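Number of protein chains: 2
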Amino acid sequence: MSAVKLEEYRERIRSELDAVVDFWLKYSHDSVHGGFFTCIGRDGTVYDELKYVWLQGRQVWMYCRLYRTMERFHRPEILQAAKAGGAFLRKFARVSSGGSSQWKCAFCLTRDGKTVKIQRTIFSECFYILAMDELSRVTGDKDMQLEAEQMMQQLIFWVREDPSGLGRPQLPGDAPTNSMAVPMMLLCLVQQLTEGRGQEVVQKYRELGSWCVQQILQHIPDCPLGTWCLIITFFLLCNWIQRDGTAILESVSPEGAELPGCQGRLQNPGHALEAGWFLLQFSAERGDEELQRTAVDKFVELPYQSGWDKEHGGLFYFLDVDGHCPTQQLEWSMKLWWPHCEALIAFLMAYSQTKKPELLDRFSQVYEYIFSHFPDAKNGEWFGYLTQEGKVALDFKGGPFKGKNIFEGSSMFLAACTCVSVFWMI
Amino acid sequence: MSAVKLEEYRERIRSELDAVVDFWLKYSHDSVHGGFFTCIGRDGTVYDELKYVWLQGRQVWMYCRLYRTMERFHRPEILQAAKAGGAFLRKFARVSSGGSSQWKCAFCLTRDGKTVKIQRTIFSECFYILAMDELSRVTGDKDMQLEAEQMMQQLIFWVREDPSGLGRPQLPGDAPTNSMAVPMMLLCLVQQLTEGRGQEVVQKYRELGSWCVQQILQHIPDCPLGTWCLIITFFLLCNWIQRDGTAILESVSPEGAELPGCQGRLQNPGHALEAGWFLLQFSAERGDEELQRTAVDKFVELPYQSGWDKEHGGLFYFLDVDGHCPTQQLEWSMKLWWPHCEALIAFLMAYSQTKKPELLDRFSQVYEYIFSHFPDAKNGEWFGYLTQEGKVALDFKGGPFKGKNIFEGSSMFLAACTCVSVFWMI
Numbered sequence: 001m002s003a004v005k006l007e008e009y010r011e012r013i014r015s016e017l018d019a020v021v022d023f024w025l026k027y028s029h030d031s032v033h034g035g036f037f038t039c040i041g042r043d044g045t046v047y048d049e050l051k052y053v054w055l056q057g058r059q060v061w062m063y064c065r066l067y068r069t070m071e072r073f074h075r076p077e078i079l080q081a082a083k084a085g086g087a088f089l090r091k092f093a094r095v096s097s098g099g100s101s102q103w104k105c106a107f108c109l110t111r112d113g114k115t116v117k118i119q120r121t122i123f124s125e126c127f128y129i130l131a132m133d134e135l136s137r138v139t140g141d142k143d144m145q146l147e148a149e150q151m152m153q154q155l156i157f158w159v160r161e162d163p164s165g166l167g168r169p170q171l172p173g174d175a176p177t178n179s180m181a182v183p184m185m186l187l188c189l190v191q192q193l194t195e196g197r198g199q200e201v202v203q204k205y206r207e208l209g210s211w212c213v214q215q216i217l218q219h220i221p222d223c224p225l226g227t228w229c230l231i232i233t234f235f236l237l238c239n240w241i242q243r244d245g246t247a248i249l250e251s252v253s254p255e256g257a258e259l260p261g262c263q264g265r266l267q268n269p270g271h272a273l274e275a276g277w278f279l280l281q282f283s284a285e286r287g288d289e290e291l292q293r294t295a296v297d298k299f300v301e302l303p304y305q306s307g308w309d310k311e312h313g314g315l316f317y318f319l320d321v322d323g324h325c326p327t328q329q330l331e332w333s334m335k336l337w338w339p340h341c342e343a344l345i346a347f348l349m350a351y352s353q354t355k356k357p358e359l360l361d362r363f364s365q366v367y368e369y370i371f372s373h374f375p376d377a378k379n380g381e382w383f384g385y386l387t388q389e390g391k392v393a394l395d396f397k398g399g400p401f402k403g404k405n406i407f408e409g410s411s412m413f414l415a416a417c418t419c420v421s422v423f424w425m426i
Numbered sequence: 001m002s003a004v005k006l007e008e009y010r011e012r013i014r015s016e017l018d019a020v021v022d023f024w025l026k027y028s029h030d031s032v033h034g035g036f037f038t039c040i041g042r043d044g045t046v047y048d049e050l051k052y053v054w055l056q057g058r059q060v061w062m063y064c065r066l067y068r069t070m071e072r073f074h075r076p077e078i079l080q081a082a083k084a085g086g087a088f089l090r091k092f093a094r095v096s097s098g099g100s101s102q103w104k105c106a107f108c109l110t111r112d113g114k115t116v117k118i119q120r121t122i123f124s125e126c127f128y129i130l131a132m133d134e135l136s137r138v139t140g141d142k143d144m145q146l147e148a149e150q151m152m153q154q155l156i157f158w159v160r161e162d163p164s165g166l167g168r169p170q171l172p173g174d175a176p177t178n179s180m181a182v183p184m185m186l187l188c189l190v191q192q193l194t195e196g197r198g199q200e201v202v203q204k205y206r207e208l209g210s211w212c213v214q215q216i217l218q219h220i221p222d223c224p225l226g227t228w229c230l231i232i233t234f235f236l237l238c239n240w241i242q243r244d245g246t247a248i249l250e251s252v253s254p255e256g257a258e259l260p261g262c263q264g265r266l267q268n269p270g271h272a273l274e275a276g277w278f279l280l281q282f283s284a285e286r287g288d289e290e291l292q293r294t295a296v297d298k299f300v301e302l303p304y305q306s307g308w309d310k311e312h313g314g315l316f317y318f319l320d321v322d323g324h325c326p327t328q329q330l331e332w333s334m335k336l337w338w339p340h341c342e343a344l345i346a347f348l349m350a351y352s353q354t355k356k357p358e359l360l361d362r363f364s365q366v367y368e369y370i371f372s373h374f375p376d377a378k379n380g381e382w383f384g385y386l387t388q389e390g391k392v393a394l395d396f397k398g399g400p401f402k403g404k405n406i407f408e409g410s411s412m413f414l415a416a417c418t419c420v421s422v423f424w425m426i
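Sequence order for the protein chains is A and B.
Mapped onto my numbering, the consecutive letters of the first sequence carry residue numbers 1 to 426.
Mapped onto my numbering, the consecutive letters of the second sequence carry residue numbers 1 to 426.
Check before you lean on any hint, since a few could be wrong.
The list cannot tell twin chains apart, which means a pair is met if one copy fits it or any two copies do.
Cross-link-like lysine-lysine pairs, in silico, DSBU-like; alpha carbons within 30 angstroms at most [as the list claims (entries may be wrong)]:
| no. | residue 1 | residue 2 |
| --- | --- | --- |
| 1 | K391 | K310 |
| 2 | K378 | K26 |
| 3 | K310 | K378 |
| 4 | K204 | K117 |
None of these hints come from the bench; they were simulated from the model.
Please read all numbers here as calculations on a predicted model, not as lab measurements.
Full structure from sequences and hints, please.
Written as structure tokens, this is what we have:
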């Protein structure tokens, strides 16, 4: 690939990031109640005033990150908006139902901050931590950093010791699960909390980082129960499938064994790719070449191989590793913006670390799909949800759950940064 | 429409019902642990052994109903399968977590009956009641009838007095809602529990039936806050939309007012049509002509008008009454089997009560869409989920949530019965 081509990519990504930031600066701020509108239609219209906490946290994080690390975004209105979003989060996101749930965050709030919904998972809290930590970096407010770390301790307790505080009853048929999203998000938080901090903080989370990586690696099933199990299984001629490391599964048992049924066979290529670049970052920090190889081979190449739609292009949202139809996800064949953002950065990061030209070719393929499908030339920003064939299926710019949001600009942002370094390497 | 054409429809529906019943008799019975497999692939293969309680209850109901009311299904193996399914339900579906939840049912069980998931809604319980009541009719077992009625009392308490036993915390921003599914299902249960029973039972549920109807009618928004509100609103030039009875909304306030945001604008044409034929049944029982007119005009015609896809045919799954893109439902534009079944029976029932020829034309249109899209000519049964354009999007025959299941044969079954009567009227 020519340097000219890469420079062209970099310029397009740069201008796209500018346009996306402008869109959210223009349409999402609630000057009356604070915080951000997150349900924004095709043309910028707010179609629902509900405020989703994941997206509040992501927007604060994104503004701060841009302000802190890229000169052209080091503007007072961006800092001001981040602070206002942070104040709204601190005032309303944490729900005080007493007892062990004092650190629980809401999932959805009314425009004026009343709790609408609380999820029995850890993800609102994750995005709260991201927001607080990044905000503490641009404001120098140590209280925010402390709050992020205290919330993190709560998360670690829920994930590694006792999940009962999340409010989900333990049921006899509901087997414990290692869900990819959990160690992946915790690893992301470790990277956030430790980046550029002193050795004390780095040491504090060192073991947790390694644990997250080990948990993520369990999602490559080979012989999860050991050689003896394989031998016994073989002789019993049972249906156990020895996948031999050829797939990434979204959910496995806490021991890394394949779970029965649809849950056990589910693949989410976007998540695997996202885990891939988290692992690449981690391997670079620790100088772990074996982990780097695993990240590239298993978490970047494999999900692309299994997840890319050879007929229509783009990455499937969900797949069943045995080729059944995914059943819990009616939208399994849709093409969503975020797996493509994850793929973009994963391939570029993988290339920048390995210099393998085929990784740059994949980057180019994902880039072409993205820019010929997702941007809305008329009103700015991107569409988030396409049909399998690549037609716009839902035309809003921000939605309640994982709506197209500025946070996924983070991939764009990272890709933009990485693109610069790749450019200079060639 | 000619009598020949109608007879042709009747024969096709009759043979389709036979084929669907055969499919489930052949592939869904679990002879080891009892109950029914509900996750069944395109060719009849069980792709997940989890047992979903909605579908266990529906299958018991369907077998009993067929056995009891149609001579060709009055076969010992059907009765036996219904009883075995009922025994599995009674043994495992009710979860005993003590206290007020003693009547709560699980949503999902393992193959051997361990609880996997409990929903904080009333629907597993609804299908449990349907199963027990219908089973009591074919077996003569009074205990089952009593159990159905006791569960019904619990439901009524949750819906009309105190929902806290369902386990969902009341949150300050989560406004009380009249969700169409609730009064609709309760009305269905009233019709089930009272059909052919003595006056004592009929009287017991009489007021509840009327309450359900009144709750359903609240989903036609006109001037929900009264004339004064309209006048004030007009003068204040605010954005309140006076829909003037031109739409059925899925969720309204307990007073029938439109709710803010996406939730308030959501339309589910299949649900509206389903409510339509429940109302038609009710109006026939009570001899209420005004209700009949409302049912036809508002709950049968309107959802068809707004919900039929004029470009590709078929009924949309969800719509936003103001034309925004539905955002909570990535699958909004898909064509599902069940809204079409509801439409089939709604139009036929509406025609049989009113003799308006245009209703028979609509029936015909829905019929043509169904039989040119949903049946799987190769392996039997129907596909359940099509893209907007009518291509098979998910190819399984039974799925975990509202998978294509024999219960929706109930519409087929009712349509078959009704078709007979329509045929004789012409």
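Hints, one by one, checked against the model:
no.	hint	result
1	K391 - K310	both (16 angstroms within a copy, 18 angstroms between copies)
2	K378 - K26	within (16 angstroms within a copy, 54 angstroms between copies)
3	K310 - K378	both (29 angstroms within a copy, 26 angstroms between copies)
4	K204 - K117	neither (33 angstroms within a copy, 36 angstroms between copies)
Checked against the numbered hints above, the structure violates only hint 4.
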